[in-house]
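There are 2 protein chains.
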Amino acid sequence: MIVPVVLSGGAGTRLWPVSRKSYPKQFCALLGKDTPFQETVQRTKTLGLEAEPIVVGNREHRFIMAEQLRQVGVEAASIILEPVARNSAAAMAAAAFWQARYDEEAILWFMPADAAIENHAALKEALDQACEAARQDYIVTFGIRPTRAETGYGYIQQGHLLEGQENAYHIARFLEKPDAERAAQFVQDGQHLWNSGMFVARARVFLEELKKYEPTIHEAVSRAVQKTDCDLGFVQLDGDAFSRAPSISVDYAVAERTDRAAVVPSGFSWMDVGSWDAVWELTPKDENGNAVRGNVFLDRARNCYVNSDGVVATVTGVDDLIIIVTGDAVMVSHREQAQDIRHMVARLRDEGRPEAEQHVRMYRPWGFYESLIRGDRFQVKRIHVSPGEKLSLQKHFHRAEHWVVVAGTALVTRDDEEITVRENESVYLPLGCVHRLENPGRIPVTLIEVQSGPYLGEDDIVRLDDVYKR
Amino acid sequence: MIVPVVLSGGAGTRLWPVSRKSYPKQFCALLGKDTPFQETVQRTKTLGLEAEPIVVGNREHRFIMAEQLRQVGVEAASIILEPVARNSAAAMAAAAFWQARYDEEAILWFMPADAAIENHAALKEALDQACEAARQDYIVTFGIRPTRAETGYGYIQQGHLLEGQENAYHIARFLEKPDAERAAQFVQDGQHLWNSGMFVARARVFLEELKKYEPTIHEAVSRAVQKTDCDLGFVQLDGDAFSRAPSISVDYAVAERTDRAAVVPSGFSWMDVGSWDAVWELTPKDENGNAVRGNVFLDRARNCYVNSDGVVATVTGVDDLIIIVTGDAVMVSHREQAQDIRHMVARLRDEGRPEAEQHVRMYRPWGFYESLIRGDRFQVKRIHVSPGEKLSLQKHFHRAEHWVVVAGTALVTRDDEEITVRENESVYLPLGCVHRLENPGRIPVTLIEVQSGPYLGEDDIVRLDDVYKR
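Protein sequences, first through last, are from chains H and P.
Quick note on numbering that gives the first Met the number 0: the first sequence kicks off at 0 and runs consecutively.
Quick note on numbering that gives the first Met the number 0: the second sequence kicks off at 0 and runs consecutively.
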């Protein structure tokens, strides 16, 4: 029995402004119809594995994960929530401790939620070989045979074949991202593999090695799992305990230090979809080398990646650019500078610009909202409430609200009244009234909210009751 | 007595997406606080001239012209409206005929509304010299001594000094935009001047020469002026007559053919603000050669022009780009390709994209509106009504409307009722009701309109009464 563990902790700032801290890349459909997270949670089914995946992700993203699982019809065995981001060693430890409560000999297949994988037959073969080694208590990683001199990945130098194994090798050493010359050498010598970040290991073995090399992480996560709070279908790790774990990648914490590390070389198509140049690589192109998505108009452009989920992006007489247009930010970069976008995002964040980390569309457990316009003393929002969901019972001290329902049927609580508001009907919520919005129906409610008042901050809210326990 | 004539007929597609047919460049403040149109109508006052300017412009822009004149406190002698665009010869003829009704010997100073001029003392000196020649019945143009090998302008080759003139010369010939080599030669030889498009001539003289070389234009515009309809403060040229005039520039129609042409060379600073590279030239730059306007964030950019009147435009690791962000379009071009943006706009228009010619903000005689969001069966608009103005009395067959006033006080007619709607109040207009929106107050009304219905096109409107006679 193999238990898949999907690691969904990345922030993906190199894919800004589509990917942001509040809604990072693994949840963004940049290539196909499904998001990388959805591709990953479905991979186990694609490969014919029986067990449902354990998902480990940031607490902030819990409702996004739940919604994206629902969309593709995958039921996670557990959704383990990290109260703070503590890198891959702690995230993997959380899943291992969780699984070990039931079966510490279980073989876990850890996979980051942000890689693009094709050729599932080759993947399945590699997985079988990795499990074979994991049964002999190895911590096994997948090494991808390089097809180009990539400088954006880490590498693994392959050692000798392990005794009794068909295709599992000792790891000679892990190598950081190389320069172009060394990368070219690695492709040639046939001894170096891309480090995919996927691992297969028994829960017990992983935890033993973690305890040996990083006892602080082991201790902190062990306590965090003991004190979990299971609520609304999520496994919430204890925040005090978990935050004591140092933030270290599994490579540094365990894989580079343990003598139980092994690597299975394989030739399946694997790509870290971590930057816009990678997205350009993976997207079909026109005869001029341009890859586009969304509302785009090209005129004498070459080798560009252009993506707009909003207004029309027109491009004329340029080469090798990345141009991204979203509802609240435009980003233009040279394709060869795509790795450095994160530095600009860090600068944006340091200057206190909300676009750095927040999206204009804010996801909430009940649906989402987005601000359409903000003026002096007024703001207009679009609010989307999923069927069966309800917002908190709340009141405001500084604003009145007009709600116009434009799709679906809403049930509105206003002080002592309960009002059914249909499409093309409106309701007025005077300043100070206690109110709640609910969608009792079978289709989403779309509502236009016009706020009026001298102060319109999100913090002017008193929550009197909330089904999502916020 | 010199009568200034401001020619405001350009379309300015090279400055797309800020400049569009519905709101072209002369009305857009790209450099200073005032628009080129406003700079131009104020120039006569700056130079100490007494006469108020005659303005000639497209009928579609009449309320924009009136509003922009009002903003800078200039009262035009007349605003002459072209029912269709017929290039500069016909536009100048219209002003000449109009002035000739009162005084055919009047000296007219024609100036396009889209040039940036500095050094007013030198301009005044050139104007005095031009008037001196115009009094001797010359049609005088201003030639600017070139300061660089500009390939984007037409040139004038200067001939011999006119008898009795201090600084007015025969024109040897007009020259089209040269290639770089010839442009460099023109700068060196000291005989070539930039063609500024400004002219000074007696009304009678201009019309005599027009009649000689382009009798069809003379005849058509003469009739169009005879049949003008003066209404709401505008001089509306007769459409049938005016549209019979061929669309020819004054250079081709008159200046290159008449032996009365003269040129006054001058050294005042003049620039045709016709393309984004010119705007970059004219805008102050940072130490890396970048010029920005609006909501812009630069990171390792060089020699770029970036302008956003909307969401943040972030730029990283690129050189020599033009990046323009507006509420409904993004445009990225190489700076050296800036002249070719018009070809892309033509392609956009041919593909039926509304962004090619229409702005998201639509100006109306009573104010403006803009669409905030358009969904399935609903649309949200922001409507701005200037003090004292009123929309037409109207009704719709396919939509109901919710109006929420968020600033000012509106007077709403709804069938037989008259309702005063204050800030933070709303009114519902059911499908089919006859309604009107009016601002009886002293400050603007801002109103959020939520439309609901199966068809939301602008053409679902029956106008029962309209103070602006649309």
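If you're looking for bench data, these hints aren't it; they were derived computationally from the structure.
We put the beta carbon where it would ideally sit given N, CA and C, even for glycine.
Please note that the accuracy of each hint is not assured.
[Stated by the list, open to error] Computed footprint of chain H on chain P; a stretch qualifies when at least three of its residues, placed anywhere within it, have a C-beta under 8 Å from a C-beta of chain H:
no., region
1, 42–56
2, 417–426
[Unchecked claim] Facing chain P, according to a computed beta carbon distance under 8 Å, are these residues of chain H, among others:
no., residue
3, Arg58
4, Val314
5, Ser332
6, Gln336
[As the list claims (entries may be wrong)] So these bits of chain P aren't anywhere near chain H, every CB distance computed over 10 Å:
no., residue
7, Cys130
8, Pro145
9, Gly163
10, Lys210
11, Arg376
12, Pro386
13, Gly452
Hint check:
Judged by the Cβ-Cβ criterion of 8 Å, the region 42–56 of chain P is not covered by chain H as claimed, because only 0 of its residues qualify and three are needed. Against chain H, the region 417–426 of chain P contributes 3 residues with a C-beta closer than 8 Å to a partner C-beta. That satisfies the three-residue criterion, and the hint holds. Hint status for H:Arg58: violated, given a least beta-carbon distance of 28 Å to chain P, over 8 Å. Satisfaction of the interface hint for H:Val314 is found here, the shortest Cβ-Cβ separation to chain P being roughly 5 Å, below the 8 Å cut-off.
Taking 8 Å as the C-beta contact cut-off toward chain P, the hint placing H:Ser332 at the interface holds, the least distance being around 5 Å. Because the smallest distance between the Cβ of H:Gln336 and any Cβ of chain P comes to about 3 Å, under 8 Å, the interface hint for this residue holds. At roughly 44 Å from the closest C-beta of chain H, the C-beta of P:Cys130 stays outside 10 Å, upholding its exclusion from the interface. For P:Pro145, the condition that its CB be more than 10 Å from all CB atoms of chain H holds, with the nearest at approximately 26 Å.
The Cβ of P:Gly163 lies farther than 10 Å from every Cβ of chain H, with a closest approach of about 51 Å, so its non-interface assignment holds. The beta carbon of P:Lys210 sits about 43 Å from the closest Cβ of chain H, which is more than 10 Å, so the claim that it is off the interface holds. With a closest Cβ-Cβ approach of about 7 Å to chain H, P:Arg376 is found to fall inside the 10 Å limit, against its non-interface label. At the 10 Å boundary, the C-beta of P:Pro386 stays outside the reach of chain H, the nearest C-beta of that chain being 17 Å off.
The Cβ of P:Gly452 does not lie farther than 10 Å from every Cβ of chain H; its closest approach is about 8 Å, which violates its non-interface assignment.
In summary, the numbered hints that this structure violates are 1, 3, 11 and 13.
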